[in-house]
Amino acid sequence: MPGIDECLLEVMQLPGARGAALVDWTSGLALGIAGESPGGDYETAAAEAAELARLAAEHRAFAPDDDITDPPVEDVIISNRDSYHVLCFVQTSFDSSVFLHLWLARVEGNLALARIRLGEMTGRLVLG
Amino acid sequence: MTAVTTTPPPRLPVRDKAEARDRAWGGVSPMLTRLAAERATGVLVRERGTLHLAEGRVVHAESPAAPGLGALLTAHGTLDADTWRQAADEATEPPGAGLLLVARGRLTRGALELCHLETLYDAAYFVLAPSSTPGRFRYTGPGRSGAVRAVTVAALEHETLRRRDLLHRIWPDPATDEAPLLRADTVALPGLTARQRAVLHLVDGVRTAPEIARAMGRPAFHTLVDVRRLAAAGVLVRGAPQPAAPAWPETTDPDITLLKRLRDALESL
Numbered sequence: 001m002p003g004i005d006e007c008l009l010e011v012m013q014l015p016g017a018r019g020a021a022l023v024d025w026t027s028g029l030a031l032g033i034a035g036e037s038p039g040g041d042y043e044t045a046a047a048e049a050a051e052l053a054r055l056a057a058e059h060r061a062f063a064p065d066d067d068i069t070d071p072p073v074e075d076v077i078i079s080n081r082d083s084y085h086v087l088c089f090v091q092t093s094f095d096s097s098v099f100l101h102l103w104l105a106r107v108e109g110n111l112a113l114a115r116i117r118l119g120e121m122t123g124r125l126v127l128g
Numbered sequence: 001m002t003a004v005t006t007t008p009p010p011r012l013p014v015r016d017k018a019e020a021r022d023r024a025w026g027g028v029s030p031m032l033t034r035l036a037a038e039r040a041t042g043v044l045v046r047e048r049g050t051l052h053l054a055e056g057r058v059v060h061a062e063s064p065a066a067p068g069l070g071a072l073l074t075a076h077g078t079l080d081a082d083t084w085r086q087a088a089d090e091a092t093e094p095p096g097a098g099l100l101l102v103a104r105g106r107l108t109r110g111a112l113e114l115c116h117l118e119t120l121y122d123a124a125y126f127v128l129a130p131s132s133t134p135g136r137f138r139y140t141g142p143g144r145s146g147a148v149r150a151v152t153v154a155a156l157e158h159e160t161l162r163r164r165d166l167l168h169r170i171w172p173d174p175a176t177d178e179a180p181l182l183r184a185d186t187v188a189l190p191g192l193t194a195r196q197r198a199v200l201h202l203v204d205g206v207r208t209a210p211e212i213a214r215a216m217g218r219p220a221f222h223t224l225v226d227v228r229r230l231a232a233a234g235v236l237v238r239g240a241p242q243p244a245a246p247a248w249p250e251t252t253d254p255d256i257t258l259l260k261r262l263r264d265a266l267e268s269l
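From first to last, the protein sequence lines are chains A and B. Position 17 (the first sequence) corresponds to 17 in this note's numbering; numbering is contiguous. Position 204 (the second sequence) corresponds to 204 in this note's numbering; numbering is contiguous.
Quick caveat, the hints were computed from the structure, so don't treat them as lab data. We treat Cβ as the ideally placed atom computed from N, Cα and C, and that holds for glycine. Certain hints may be false.
Ranges of calculated distance between the beta carbons of each label pair, as one might list FRET restraints [claimed, not checked]:
#1 A/Ala112 with B/Thr152: 16 to 24 Å
#2 A/Ala61 with B/Glu38: 50 to 58 Å
#3 A/Ala112 with B/Pro130: 45 to 53 Å
#4 B/Arg169 with A/Thr69: 26 to 34 Å
#5 B/Gly191 with A/Thr69: 14 to 22 Å
Only part of the chain B face toward chain A is listed, based on derived beta-carbon distances under 7 Å [claimed, not checked]:
#6 Val14
#7 Leu72
#8 Arg183
#9 Val225
With the rest of the complex left out, here is chain A (with noise of 0.2 Å):
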């Protein structure tokens, strides 16, 4: 059964991963990470994701018209010139406000397989 480590690791076997953290969106607090960190700092890189999940997951713009989940927002996603970041939201039975950050090379990621992978793995790090 996967601990937050194994979770990570399995994530930067995906193709192109560079760096990879499991983030608490409320404090900003890394609980894991695995790879390089995005700006070379991964404390500041997990603050930093941490502003724009929590903005994503508070707004009401960007929730379903049934918002009944918490969060209402399954990922964000950011592309640039050479990288992808996928921000997926870790649904979990306890009250909770974590997400996985996953840094995805541009040339050698593939955003959709990794948004779908990433959606399972975090299911399987805390539902078994």
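Dock chain B against chain A, hints included.
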């Protein structure tokens, strides 16, 4: 249409590591730093809770202000209360109970690690708060119940200081952190998030922020973040009688109440 929203929270802080190194002992508790250096195993008892160390690393933290692992896992039905109680009776400490439940297939390893780290950092935030009495350390032998994940003292102190910064930047007045909370008489309720509404729903003039956290099964620090944001937006106030402010006429004029809140915040800086 003008949308009224709550004050946007400030950027999450990142502590300057050089600045921390320059400080004499770089942390919040010289005793804890020393225990880490000597790779001590035992229990540090401070005014607001305890830290459990194994070979100089923190494996468990408890504070009356922070909901424990059991509260987090039972509040929303991840585990039923009986299942938790049974495991808690068999193990010496909550992390040990969590490991038993993982072994029995009642909980995933990932869920346990996630809740364990959240509760550890949460309780440690209160345990490491400035205290008026010195801490005591009780050495214990090895062979205590297994650790889920150990955290270094340096990482824990660093995160605790970062969390203090975060609350301070949201709203510098700690008056609402531990007192009973009351809804303020607001003319127009600002746009609240679902998580803030859950907090506000439990505000009744009696419950304190830690009690609200326990009722929600949410880490106390996470609750404090929303409580400070609600206080900053003028939605919440401390419920206990404030010290009588001489010669200040009672008013509900929004401009004057805003000025008074600003004054209180400035005074607490």
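Cross-check of the supplied hints:
no. : hint                               : result
1   : A/Ala112 with B/Thr152: 16 to 24 Å : violated, 38 Å
2   : A/Ala61 with B/Glu38: 50 to 58 Å   : holds, 54 Å
3   : A/Ala112 with B/Pro130: 45 to 53 Å : holds, 51 Å
4   : B/Arg169 with A/Thr69: 26 to 34 Å  : holds, 30 Å
5   : B/Gly191 with A/Thr69: 14 to 22 Å  : holds, 19 Å
6   : Val14                              : holds, 5 Å
7   : Leu72                              : holds, 5 Å
8   : Arg183                             : violated, 20 Å
9   : Val225                             : holds, 6 Å
Taken one by one, the earlier hints fail for this structure at numbers 1 and 8, listed in ascending order.
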